[in-house]
Each structure stands twice: as structure tokens, then as C-alpha cells.
Amino acid sequence: MAPALGGGRLRRRGPWLQALSRFRRRPVGVAALLVVSAYGVVAVFASTIAPYSEYQIFFKYINHPVTPSLHGGHLLGTDVLGHDMLTWLLWAVRETMLVAVEAAAVAAVIGVCLGAAAGYLGGALDAAVGWLTGLVVTVPALIIYLVVAVHYNPVPPWALSVTLGVCLWTYVAQATRASLRVLRPREFVEAARASGASGLRIVFRHLLPNAAGTVIVAATAVFGQAILIVSTADFFGFAIGQFDRPTLGGLIANAAKPQQVVAGYVPPWWLWVIPIVALGLLLVAANVTADTLADVLDPVRSR
Amino acid sequence: MIGYVIRRVALALSLVWAVSFFGFVAFALTFDPLWQQRMCGAPCAHQVKVLTVQYHLNKPVLERYWIWLSDFVGHRFSFRGIGGFPINAQLLDAAKVTTELMACALLVTAIFAVVVGVASARRAGRPLDYLLRTLAYMSWSLPAFLVASVAVRWVVPSVGWFLLGVTAGLPPGAVAQGAPARAGGFVIWLRGMTLPVLTLSLGLIGLYSRYVRTALLTELHRPYAVTARSKGLTETRVAYRHALRNALPPFVSVLSLEIGAILGASLAIDYVFYMGGLASYFLGGLTQAADPYVLTAVVIVASCIVVLFMLVSDLAVGWLDPRTAATASR
Chain A
1 MAPALGGGRL
11 RRRGPWLQAL
21 SRFRRRPVGV
31 AALLVVSAYG
41 VVAVFASTIA
51 PYSEYQIFFK
61 YINHPVTPSL
71 HGGHLLGTDV
81 LGHDMLTWLL
91 WAVRETMLVA
101 VEAAAVAAVI
111 GVCLGAAAGY
121 LGGALDAAVG
131 WLTGLVVTVP
141 ALIIYLVVAV
151 HYNPVPPWAL
161 SVTLGVCLWT
171 YVAQATRASL
181 RVLRPREFVE
191 AARASGASGL
201 RIVFRHLLPN
211 AAGTVIVAAT
221 AVFGQAILIV
231 STADFFGFAI
241 GQFDRPTLGG
251 LIANAAKPQQ
261 VVAGYVPPWW
271 LWVIPIVALG
281 LLLVAANVTA
291 DTLADVLDPV
301 RSR
Chain B
1 MIGYVIRRVA
11 LALSLVWAVS
21 FFGFVAFALT
31 FDPLWQQRMC
41 GAPCAHQVKV
51 LTVQYHLNKP
61 VLERYWIWLS
71 DFVGHRFSFR
81 GIGGFPINAQ
91 LLDAAKVTTE
101 LMACALLVTA
111 IFAVVVGVAS
121 ARRAGRPLDY
131 LLRTLAYMSW
141 SLPAFLVASV
151 AVRWVVPSVG
161 WFLLGVTAGL
171 PPGAVAQGAP
181 ARAGGFVIWL
191 RGMTLPVLTL
201 SLGLIGLYSR
211 YVRTALLTEL
221 HRPYAVTARS
231 KGLTETRVAY
241 RHALRNALPP
251 FVSVLSLEIG
261 AILGASLAID
271 YVFYMGGLAS
281 YFLGGLTQAA
291 DPYVLTAVVI
301 VASCIVVLFM
311 LVSDLAVGWL
321 DPRTAATASR
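Protein chains in written order, with the numbering used here: chain A, 1 to 303; chain B, 1 to 330.
Hint data in this document are derived by calculation from the structure and do not stem from the laboratory.
Please note that a few of the clues may not be correct.
Unchecked claim - Only part of the chain B face toward chain A is listed, based on derived beta-carbon distances under 7 Å: (1) S141; (2) L257; (3) A302.
Unchecked claim - So the derived label-pair ranges between C-beta atoms look like this: (4) A128/A to W319/B: 24 to 32 Å; (5) C40/B to G123/A: 51 to 59 Å; (6) R123/B to I49/A: 42 to 50 Å; (7) G123/A to L69/B: 25 to 33 Å; (8) A197/A to T227/B: 43 to 51 Å; (9) R123/B to F59/A: 57 to 65 Å; (10) K59/B to S37/A: 52 to 60 Å; (11) G40/A to P223/B: 43 to 51 Å.
As the list claims (entries may be wrong) - On the chain B side, residues computed to face chain A include the following (Cβ under 8 Å): (12) L11; (13) L15; (14) V19; (15) F31; (16) W140; (17) L142; (18) F145; (19) L263; (20) L283; (21) L295; (22) S303; (23) V306.
Glycine included, C-beta positions come from ideal geometry on N, C-alpha and C.
Working from the sequences, and respecting the hints, build out all of it.
What follows is the structure, given as C-alpha cells:
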């Protein structure tokens with residue numbers, strides 16, 4: 001870094017601050033991150049924001065759904081079962097986000113451990129982790145997820161997140177491994193080793209902080225993947241207590257099941273437009289965030 | 001190159017074997033094929049006893065795997081359910097549909113991702129580039145089942161040419177509102193397959209055109225591209241003949257790791273379009289019986305499809321970039 005002119009004083013900024021200033025110059029990325037954060041807020045405070053309780057049913061509206069309107073207390077209308085759509089949407093976002101965030105966390109923990117071991121130790125362990133990655137990648141995560149969701153029904157949601165994390169850690173492991181392979185021959189690692197640092201200390205204090213950007217990007221990608229898989233499984237109609245709890249995929253499925261196309265039944269528009277927009281927006285925002293973070297945290301890549 | 005091919009095939013076989021082993025063990029340990037008989041209680045106690053012996057449920061799981069494996073090999077690699085009932089023909093029919101869907105979709109994806117990626121990279125920073133990248137984000141972010149639902153609801157009824165369910169062996173017009181078919185064979189297949197392939201490709205083109213764009217941008221600024229340009233070659237020739245060949249291997253490597261996820265997406269497409277592929281088979285059997293043999297078979301077939309495509313893309317990488325084969329076999 002060039003010394004600042006005049007004072008002869010070095011203006012030093014850490015990599016995270018530099019990344020932040022790069023991030024601020026990406027309005028689309030900032031917007032995407034804000035959208036994802038808004039979903040996060042909704043997920044955490046769903047019960048407070050929602051106008052009604054999750055299970056409240058308006059019996060007079062069963063089979064006579066109310067159109068969305070500013071008056072009458074149902075901002076997004078009601079569905080054919082008499083649920084308030086806004087309430088159900090908020091809870092659906094909560095269910096989906098919760099599973100996806102937990103899945104990303106599990107994937108990050110497994111992926112970082114295995115990827116770090118493979119990248120730092122190399123050799124036979126590296127080959128073994130590579131083979132394991134190949135194995136996990138070979139079986140579609142959706143199949144495993146569906147098997148778990150259906151056969152162990154009722155499944156606690158955390159078990160579903162763990163399943164997803166176990167299926168999706170390969171992204172994080174590959175990113176971690178690749179970045180450690182690049183960092184390991186660097187001088188600062190050699191210096192740490194010369195000063196007597198143990199292998200674990202080198203990995204956790206010296207290597208992984210430098211690879212943090214890559215790990216965050218990979219975990220964000222896993223987050224997007226998890227949302228995709230969860231909502232596809234919900235759409236199939238086999239997931240988290242489909243009939244008594246709303247999920248984004250489940251709401252879409254309720255309105256747009258292919259079977260209903262054949263029967264010639266056209267559901268009211270707000271029943272499928274609203275969850276589709278909610279899910280689409282979340283996925284676009286998650287993907288743009290992941291991509292912007294990748295550019296920002298790894299400036300070499302974007303050059 | 002031959003050594004490289006042999007190594008890749010051996011790796012693929014080892015993966016399929018491992019899937020069969022871990023799949024069988026996981027399913028055999030957790031699923032109870034006799035749950036219905038157990039539910040019925042005392043009247044079925046004898047039946048439970050007989051079937052436990054007949055299905056080898058009283059043996060340790062590794063022995064059960066060995067029994068299953070030798071039975072599978074003994075029947076010339078044809079899949080059977082736990083009572084010995086045949087599921088092979090049905091399962092392979094379903095696998096064929098899924099394989100066709102994926103092969104066509106990957107081909108379409110490869111072509112369009114390259115065309116869009118090259119167009120985007122050559123006009124980097126200009127309006128067309130921004131437009132294409134925005135579209136790429138949108139298409140990549142939309143889940144396959146959503147696009148498929150929309151296509152089934154609006155495109156199929158309004159464009160009479162497309163058919164639903166013909167790949168599942170149903171007569172044309174049995175499922176959809178599409179016009180009855182006049183031509184047979186390939187044309188029927190094409191009418192049933194086109195829309196699902198396009199639907200599946202849409203998101204993938206969005207995702208991979210970005211990889212091609214990034215890789216090509218790097219290559220177009222390399223000295224060899226500058227040299228080619230200074231010799232008077234057209235920009236199209238520099239992009240397609242010189243830079244692309246170096247930009248493709250990373251793209252294909254990324255694609256090969258995502259094939260499992262693509263198969264997952266194809267399951268959704270398959271389900272929505274009534275294609276009669278693995279999704280129909282798998283989802284149909286999922287809720288009915290807890291037969292670990294059937295589930296193992298499904299997982300093995302799915303992994304075979306994934307491994308097959310991975311192998312093809314590995315070979316493509318080896319052919320595009322001979323250095324891969326050389327370093328990998330050393």
C-alpha cells in the first residue's frame with residue numbers, strides 16, 4: 001500500500017474495511033443484502049408482525065377467499081381455507097428462512113472442517129475428502145431430503161436442516177480447500193510454523209481468517225441452494241407438516257398443483273402470485289448478494 | 001489420455017458402489033418393510049415372523065447388504081423389490097426419460113450458455129451485457145418448478161403443439177389440453193420433450209453464461225488474444241476459436257460438479273410435466289411402502305445418471321485441455 005502523501009504516515013485499512021468500501025460502491029448488491037436482511041427480520045419477528053395468529057381460521061371465508069385490499073383487515077386477502085394470507089406468508093418466510101439458515105450453518109461447519117483438513121494436510125486425506133465430495137455430489141440432495149422428510153415424518157425442522165447441511169457442505173469444503181491450497185505456501189504460514197505454532201493454530205489463526213471471505217461466499221450460495229431445495233420439496237407436498245404449517249413452496253403448491261391444471265380449476269390470482277413473488281425475490285436477492293460478496297471479498301477474482 | 005479415461009471410469013464405478021453401500025445400509029437400518037403387518041398387531045404376528053426370516057431382517061445389516069448385492073449380481077444387475085418382485089423395467093423406463101431430459105437440457109445449456117456468455121463478454125460494460133446479466137440473474141434465481149408450473153398452466157394450453165405425458169407412454173392428449181397428435185414416434189417425443197428441456201435449461205443458461213462470461217473476459221485480455229488480434233483476425237474468430245477453447249474447461253468442470261443439483265431440478269420438471277421419469281417413480285413409491293430395496297435402486301440409478309454425465313464432462317475437459325489428462329494421470 002502506498003504511503004499517504006505529505007504526512008509520511010501510512011493510512012492502513014484492514015481487508016474487511018476495504019471490502020466494505022468496495023461493497024458500498026455496488027448499489028444493486030447493497031439493495032440485495034437489504035432485501036435478504038428484511039426477510040431475516042421477518043423470519044425472526046413473524047409472530048409479532050403478523051396481524052393474526054398462525055392458526056386463526058376465518059370460517060366465513062372458507063371457499064370464499066377475500067381479495068387483497070387495504071380495507072377489511074386482510075391486506076393480502078385470505079385463502080380458500082380461510083387463513084389470512086399476510087399472516088401465512090410471514091410464517092412461510094419464517095419456516096423457509098429458518099431451515100435455510102440452519103442448513104447453511106451446518107454446511108459451513110462441516111465444509112470448513114473437512115476443507116481445511118484437506119487443504120492443509122493434503123495427501124491421502126485430501127484424496128479421501130475429494131472422493132467423499134464426489135460421493136455427496138453424486139446423490140441429488142433433493143432425493144435425500146425427500147426421503148428424510150417423508151419417512152421420518154413427523155420430522156423436527158432442525159433434522160431437515162441438518163440433512164440439507166450434510167448434503168450441501170461440498171460447496172464450502174471445495175472453496176475452503178482451494179483457498180487453503182493457495183495460502184499454505186505463503187511466507188506468513190512458514191513464519192508461523194517457524195515460531196512454533198501448531199498445525200491447528202496455523203489453520204485457525206492464520207489460514208482460515210484469510211479464507212473467511214471465500215467461506216462466507218460459499219455459505220451464502222448454500223443458503224440459496226437450501227431455499228431452492230426446501231421449496232421444491234414443499235412444492236411436491238411432502239415436507240414440514242404441509243397441511244398445518246405454511247411454507248413458501250407449500251403455498252405455491254396449494255394454489256398451483258399440476259393436478260389442478262388438469263381439472264381446469266383456476267385459483268384466485270393472489271394465492272399464487274404472492275408466494276411466487278416472495279420466493280422469487282428472496283432467491284434473486286440471495287443470489288445477487290452471494291455474487292456481490294464474491295466480487296467484494298475476493299478482488300482478485302473480479303478483476 | 002487412456003490412463004486418464006481409465007482412472008475416471010474407476011472413480012465413477014467406486015462412487016456408484018459407495019452409493020449402493022451407504023444407501024442400502026442407511027435405508028435398511030431405518031426403514032421397516034413390515035410396518036403394515038406390525039400395525040395390525042397380533043393377527044399378523046405369524047406373518048411378521050415368516051417375513052422377517054424371508055427378508056433376512058434378523059441378520060446384521062452388512063450381511064443383508066451382501067445378500068442383496070449377490071442377489072442383484074446374480075440376477076444380471078436387475079433391480080428387485082424386497083419380496084423379489086421385479087421393478088427393473090419400470091425403473092429403467094423412468095431412468096431413460098430422465099436421462100433424455102438431462103442430456104437434451106445439458107446440450108441446450110452448453111450451446112446457449114456459450115453464445116450468451118460470449119456475447120456478454122465481448123460487449124462487457126455495454127447495455128447488452130447489462131441486459132443479458134440481469135436476465136441471467138432472473139432466470140437462474142427462479143426455481144425450476146415455478147417456471148414449469150407457469151409453462152404448464154399457460155404455455156401448454158395456448159400453444160397446442162406441446163404435449164404432456166407422452167414421454168410417460170400415455171397417448172397424446174391423455175393429460176393435456178394439447179391438440180391430438182397426427183405424427184408418431186420422434187415427432188411425438190419432440191412435442192413432449194421440447195418444453196421441459198427449455199424449462200430446465202432456462203435457469204442453467206442463466207447460471208453458466210456468467211461463468212463463461214467471466215472466464216472469457218480473462219482470456220480475451222491475455223497476450224495470445226492480443227497477438228491474434230494484431231495479426232488481423234476478426235474479433236469473432238479471436239473469441240470463438242482462440243479464447244473460448246481456454247475459457248471452456250473451467251466452465252465444464254463447474255458444470256460437472258452441479259449435475260446432481262441439475263438432476264434434482266429435473267425431478268421437479270418431470271413431476272410437473274407428467275414425464276414419467278424418475279420423479280414419478282420415486283415420488284409415487286415414496287409414500288406407499290418402506291421398501292429399502294426400491295429406495296436403494298432409485299438412489300443407485302440416480303447416481304448412475306449423475307456419474308455418467310460427470311464422466312462425459314470429465315472427458316470433455318480432458319479433450320478441451322489435454323494438460324488436465326496429463327497432470328491427472330501423473
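Against the structure, the hints come out as follows:
This hint holds: S141/B has a C-beta 4 Å from the nearest C-beta of chain A, less than the 7 Å allowed. Nearest Cβ of chain A to the Cβ of L257/B: about 6 Å, under the 7 Å cut. The hint holds. Proximity of A302/B to chain A holds as hinted, the smallest CB-CB distance being about 6 Å (cut-off 7 Å). The hint said 24 to 32 Å for the Cβ distance between A128/A and W319/B, and at roughly 28 Å that hint holds.
Taken as a hint, the range 51 to 59 Å holds for the pair C40/B and G123/A, whose Cβ atoms sit roughly 55 Å apart. The beta-carbon spacing between R123/B and I49/A, approximately 44 Å, falls within the hinted interval of 42 to 50 Å. The hint said 25 to 33 Å for the Cβ distance between G123/A and L69/B, and at roughly 31 Å that hint holds. At about 46 Å, the CB distance of A197/A to T227/B agrees with the hint of 43 to 51 Å.
Checked against the given bound of 57 to 65 Å, the beta carbons of R123/B and F59/A, roughly 59 Å apart, stay inside it. Judged by the Cβ atoms, the range 52 to 60 Å given for K59/B and S37/A holds: they are separated by roughly 54 Å. In this structure, G40/A and P223/B meet the distance hint of 43 to 51 Å, their C-beta atoms being roughly 46 Å apart. Using the Cβ-Cβ criterion of 8 Å, the hint placing L11/B at the interface with chain A is satisfied: the shortest such distance is roughly 7 Å.
Given hint, L15/B at the interface with chain A, holds; its Cβ is 5 Å from that chain's nearest Cβ, closer than 8 Å. Restraint check, V19/B versus chain A: the minimum CB separation of about 6 Å is within 8 Å; hint holds. With a cut of 8 Å, the hint placing F31/B at the interface with chain A holds, because the nearest CB-to-CB distance is about 6 Å. Annotation: W140/B was flagged as interfacial toward chain A, and the flag holds, the nearest CB pair being 6 Å apart, inside 8 Å.
Annotation: interface hint on L142/B holds; nearest CB of chain A at approximately 6 Å, less than 8 Å. Using the Cβ-Cβ criterion of 8 Å, the hint placing F145/B at the interface with chain A is satisfied: the shortest such distance is roughly 5 Å. Checking L263/B against chain A by beta carbon gives a least distance of about 5 Å; that is within 8 Å, so the hint holds. Interface hint at L283/B: satisfied, since its Cβ lies 6 Å from the closest Cβ of chain A, which is below the 8 Å cut-off.
Interface restraint check for L295/B: the shortest CB-CB distance to chain A comes to about 6 Å, inside 8 Å, so the restraint holds. Because the smallest distance between the Cβ of S303/B and any Cβ of chain A comes to about 4 Å, under 8 Å, the interface hint for this residue holds. With its C-beta approaching chain A no nearer than about 5 Å, V306/B sits inside the 8 Å limit, and its interface hint holds.
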